[in-house]
Every structure is written in C-alpha cells, then in structure tokens.
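Protein chains in written order, with the working numbering: chain Z, 1 to 302; chain S, 303 to 604.
Certain hints may be false.
Said to hold, decoys possible - Residues from chain S shown here face chain Z by an in silico Cβ test under 10 Å; the list is partial:
{"id": "1", "residue": "Ala374"}
{"id": "2", "residue": "Val500"}
{"id": "3", "residue": "Pro521"}
{"id": "4", "residue": "Arg534"}
{"id": "5", "residue": "Ser535"}
Hints in this document: simulated from the structure, not taken from any laboratory.
Here the structure is a predicted model, which means the values were calculated and not measured.
Here a beta-carbon is modelled for each residue, glycine too, at the ideal position from N, C-alpha and C.
2 protein chains.
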Amino acid sequence: MSLRAPRSLVHGDRVAVVALSTTVADPVQRPRVEQGIERLRAWGLDVVEGRHLWETHPDVAHLAAPDEARAADLVEAWSDPSVAAVLCARGGYGVQRLLSVLPPDALATGGGKWLVGFSDVTPLLHRVALEAGLQSVHGPVVAGLSDGEEAGIEALRSLLFGEVASGDAVLTGLTPWLEGEATGPLVGGNVALLAASVGTSDLVPARGAIAFLEDVGQPGFVLDRGLTQLLRSGWFDGVRGVVVGDFSMPSPPAEVEAVLRDRLLSLGVPVWAGGEFGHAPLNRALPHGAEVRLGRGVLSLA
Amino acid sequence: MSLRAPRSLVHGDRVAVVALSTTVADPVQRPRVEQGIERLRAWGLDVVEGRHLWETHPDVAHLAAPDEARAADLVEAWSDPSVAAVLCARGGYGVQRLLSVLPPDALATGGGKWLVGFSDVTPLLHRVALEAGLQSVHGPVVAGLSDGEEAGIEALRSLLFGEVASGDAVLTGLTPWLEGEATGPLVGGNVALLAASVGTSDLVPARGAIAFLEDVGQPGFVLDRGLTQLLRSGWFDGVRGVVVGDFSMPSPPAEVEAVLRDRLLSLGVPVWAGGEFGHAPLNRALPHGAEVRLGRGVLSLA
Numbered sequence: 001m002s003l004r005a006p007r008s009l010v011h012g013d014r015v016a017v018v019a020l021s022t023t024v025a026d027p028v029q030r031p032r033v034e035q036g037i038e039r040l041r042a043w044g045l046d047v048v049e050g051r052h053l054w055e056t057h058p059d060v061a062h063l064a065a066p067d068e069a070r071a072a073d074l075v076e077a078w079s080d081p082s083v084a085a086v087l088c089a090r091g092g093y094g095v096q097r098l099l100s101v102l103p104p105d106a107l108a109t110g111g112g113k114w115l116v117g118f119s120d121v122t123p124l125l126h127r128v129a130l131e132a133g134l135q136s137v138h139g140p141v142v143a144g145l146s147d148g149e150e151a152g153i154e155a156l157r158s159l160l161f162g163e164v165a166s167g168d169a170v171l172t173g174l175t176p177w178l179e180g181e182a183t184g185p186l187v188g189g190n191v192a193l194l195a196a197s198v199g200t201s202d203l204v205p206a207r208g209a210i211a212f213l214e215d216v217g218q219p220g221f222v223l224d225r226g227l228t229q230l231l232r233s234g235w236f237d238g239v240r241g242v243v244v245g246d247f248s249m250p251s252p253p254a255e256v257e258a259v260l261r262d263r264l265l266s267l268g269v270p271v272w273a274g275g276e277f278g279h280a281p282l283n284r285a286l287p288h289g290a291e292v293r294l295g296r297g298v299l300s301l302a
Numbered sequence: 303m304s305l306r307a308p309r310s311l312v313h314g315d316r317v318a319v320v321a322l323s324t325t326v327a328d329p330v331q332r333p334r335v336e337q338g339i340e341r342l343r344a345w346g347l348d349v350v351e352g353r354h355l356w357e358t359h360p361d362v363a364h365l366a367a368p369d370e371a372r373a374a375d376l377v378e379a380w381s382d383p384s385v386a387a388v389l390c391a392r393g394g395y396g397v398q399r400l401l402s403v404l405p406p407d408a409l410a411t412g413g414g415k416w417l418v419g420f421s422d423v424t425p426l427l428h429r430v431a432l433e434a435g436l437q438s439v440h441g442p443v444v445a446g447l448s449d450g451e452e453a454g455i456e457a458l459r460s461l462l463f464g465e466v467a468s469g470d471a472v473l474t475g476l477t478p479w480l481e482g483e484a485t486g487p488l489v490g491g492n493v494a495l496l497a498a499s500v501g502t503s504d505l506v507p508a509r510g511a512i513a514f515l516e517d518v519g520q521p522g523f524v525l526d527r528g529l530t531q532l533l534r535s536g537w538f539d540g541v542r543g544v545v546v547g548d549f550s551m552p553s554p555p556a557e558v559e560a561v562l563r564d565r566l567l568s569l570g571v572p573v574w575a576g577g578e579f580g581h582a583p584l585n586r587a588l589p590h591g592a593e594v595r596l597g598r599g600v601l602s603l604a
C-alpha cells in the first residue's frame, strides 16, 4: 500500500473543524475546542466550523449531532476544494456510526487533504487510506490543542506544514521489547477502535506495515480482548514491526505491560515501546500511512 | 441451523467444573465456586474438578491457568464419555484466548453433552453450536450457584435435567419495544463478547434466529460501539426477533435504554425487553441454539 501525502498547509489556508464523535457542546469541552481553534488561527489558518459543530444528539447523549448531520459536515468539508485540512474537534465515540451512513466514495473527492484526529477517529484515518489513497495525521484533536503538551502540538504543526522530511524522526527514545529494525507504511491507532473495526470495510491490514497502538481507560482484560480479536481475526498477519504508545489505563502499569508483552511478543517481529503518542498530555503527531523506518529507538520517515 | 439437544442429566451423573476464563483462586471467588459445587452435589451429581481449576496465570493476573492448560481441562472433560456436562466456574475473560489454542474439532468428540456458562463463555457456546452441532446452556456459572437468585438456579437445574418441554416458557413478563411474534433458534449472549468475536470462526450468525443480548459494566458508548460493530459486520442480517436481557451498566438506565432502542429498533423486527437473564442476581437459564417462539411477552420452547 503506497499512500500519497496531501498538500502541505501554507499560511492563509482554510481548514475545517468538525465534531464527528462525542459532543463538544458541554461546558468542559466547548472552551477547549474554542481555545484549540484560536491556536489554529495563530498558525495563520482560516478556520471554518462545521455546521453541526456545537450540537448534541437529541436521543443519544454521548454523541454530537445525529449520524447523518455529522457525516454531512465531514462530506461538506472534505469535498470543498478550498479546505486544505479537516480537523476533528475531539474523539470519544461516534465515528463508526458515522461511517455506517457515509456514502461510498464520499472521501474519494475533494482533491486530497489532511484529516487530523486519533482515538475514536482511528477508523476514519483507515477509511481515508482505503478510499482516498491518502496519508492522514494520527495526532491531537482540536480540544487537545488547548491543554496538550507543546511538543505534541508543535509536531502536528510541523507535519501539517510540510516541515518533516525523509529521514526525520517522528518518535525517539523508544525502548526495545524485541529488538530489531523494520520498514513499511505506518498503520494503526487505538486498540479498542481497531478491534471494533474488525468485520467492517474500514480497517487497513497491518500486513507489510509498521503497526502503532495506543489506548485509554480500559481494564487490562479488555485491552487483552481487543488485541486477541486483532490477532485471531488475522489483522496482525504479516506485520513487520510494532510501536507501542501510551496506554493510560485504570489497571496497574505492570499489568498493562504484561498484557501487551504477552500478546505482541508472540508476533516475533521487532516491538518498541514508550512511543509518545496517545491519550497522555504529550501526543506526538504521526503520519498514518507514510513509509517509515523503525529501529535503534527511533521511528523516522523513510 | 438445527441443533441437537444433549442428553438430559440424571441423578448420579458425572459433571466437570472448569475455569476457562478469569481465575477463581482468589479469596472472593474460591468460596463461591466451592459453594456452587456443593449445590451440584445436592442435585445428586458427581462433580469432578478440572486439573487446573484453582490456578492463576503466572504472568497475566486476570486469567486462571495458562491458555493451553485451560484448553486442556476443557478437552479432557469434553472428550470423556463419562462426563455428562461441563460447567464453567465463572466468566470474566479468557475464553477467546483459549479458543485461539483449542485444536480444531476438539469439541466434535465426546458424544454430546451440555456446556454451561455465559458472559465470557459466549463464544464457546457458539463454538459448541458450530463444531458439535449442539445446544448449550446460557446460564449461571458455578460461582453464581452460590449467591444467585433461586429462580435462576432452578431454571438451570430443570433445563439440564430435561424438565423443560416444548411449549414451556423460559422467559415471561417481556415488554414490547417493537411488538410482534417470531420463531427460530435462540442465538446470542454477551454483547461485548459477540462483538469481540466478529472476524473469528466462533460466531453463529443471527440470520433466521431469535437473538438474545445482555451485558455488564460498560459505559453506554461502549455498548453502542459493540452493537454498531455487530450491525456493520452483518451479524444481525436476517434476524427474526430480539430479546433484551439485563444490562447492568454504570451509565444511567435511561441512557442504556436509549442506546439499545436506537440500535435495535432499526432492525425492524420484534424486540422484547426485560428478559431475566444476564449479570443481575436473577439469571434464568436459556437453551442456546434451541428452537424458540417469541411473542406476547413470553419466550418459550417451540
């Protein structure tokens, strides 16, 4: 799978902010997203808000607008050639419901642009790869631009503005669980969302790729279940290497690491841990689908 | 799919108790399982314990014995013609790991017997249906025989001992969310485990069947995600009716009901709620794979 990088952003570009998952209308999230939008403006970008950005689903309280409305916001932003990037306001839950009502080939239009998000947005990064043949950004949501660590926010900015070149590191300080080197496209995301995408058409296989994984808020046994589903369904078949990111879980860290080691080391490919991406305050942006090189404690663009 | 009912138990039969999921070696679970075994003896059964019943995985603390050892206990009990039923000590997590190391056709031997469990055991009920062509019991685990409500325990006893006949009700007092009648084999279990079985070979499709669903301990959005995966992967395609059991969730009951209604009513088939099965103290035994009739507030054997 060879994916095209969208055009890099330049000063003055228009970008769209959309809520595709959990609502951002509540008093906690709204100021975070508003501050994140201010940050985008400080980068010299012209921010347009999705029509349904500040809505909440009338019946299902954890969602932003109804599925069709969230999908419409995505399609409108994606198909508008004047929009150079689509940034998700936050994660949570809802992208899979959106994908079930998204028209086929809706993402094959628009001329190619960056999609930015992670966590619940994982299957949409995969859909963009499969349907548009495009790389995307696994990185901070707009709400995270308000209170995330600066190094992660700067990594997002530099990736979007085309300042990360071949050979540059996107992750450093990785710890070997099974030492070795590997190259391939970078594919992955949130374990729970990857597992919940099994059986759908929105999951890029890890075959031939470097898989990267993160997760949050699940007990160790639920993480085990998700990894086991990915293993049993064949998602990992042919993977060349694995990068383990942040796992901010309620279970003790030693238990989480035991589960990750138990499930991942059976793959017999290089596994490097301690990647600074995921739900911790430091969430370094990663180019989903880009060719990368893993080894010697570093993940770099190939 | 037409599944054979195993031979009914008679006084003096030998049954095996095995720990296929989370450990029962801790001070909370061990006395529950021991009391449950006493209950089985009070029914006149000769109880044999799996070799690894009281073990805990050396590395992964939420598991009983290692996967291969739990699988060996299952295979030993299942293939022993002197054992008339295999009862799971408790649920939790671990059956999917066990299934990934269980030899093919391991459950096609043994002459046919009851398997009893629910929750984490869900995919094993499905494997028994697919590989042995047998009905099984979705009902109390052995630990639940210590402190579950008597009506549920008695329902298990009467089902195992062949006292439930064609036309008899297995659930009553059901509430219509979408009124109507339907017949078919009874297929289902725990939503999280059904969703986590998508993409594996251990999931009986709901096509032509009456689906029954329960779950525990998940936020509303995780339940939504599981149901959405089942919908998107096609598991519900061709389902004839749905029975909603207990959903003991941390989210407010109104939120849980909103999610269930939102996801299930789109199927356009009869949906009846309030089934007394699942993780509440009253967990009525259900014959997984048996032909049933749903309607007028009752689920009965066809």
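Each hint tested on the structure:
{"no.": "1", "hint": "Ala374", "in the structure": "violated, 19 Å"}
{"no.": "2", "hint": "Val500", "in the structure": "holds, 4 Å"}
{"no.": "3", "hint": "Pro521", "in the structure": "holds, 8 Å"}
{"no.": "4", "hint": "Arg534", "in the structure": "holds, 5 Å"}
{"no.": "5", "hint": "Ser535", "in the structure": "holds, 3 Å"}
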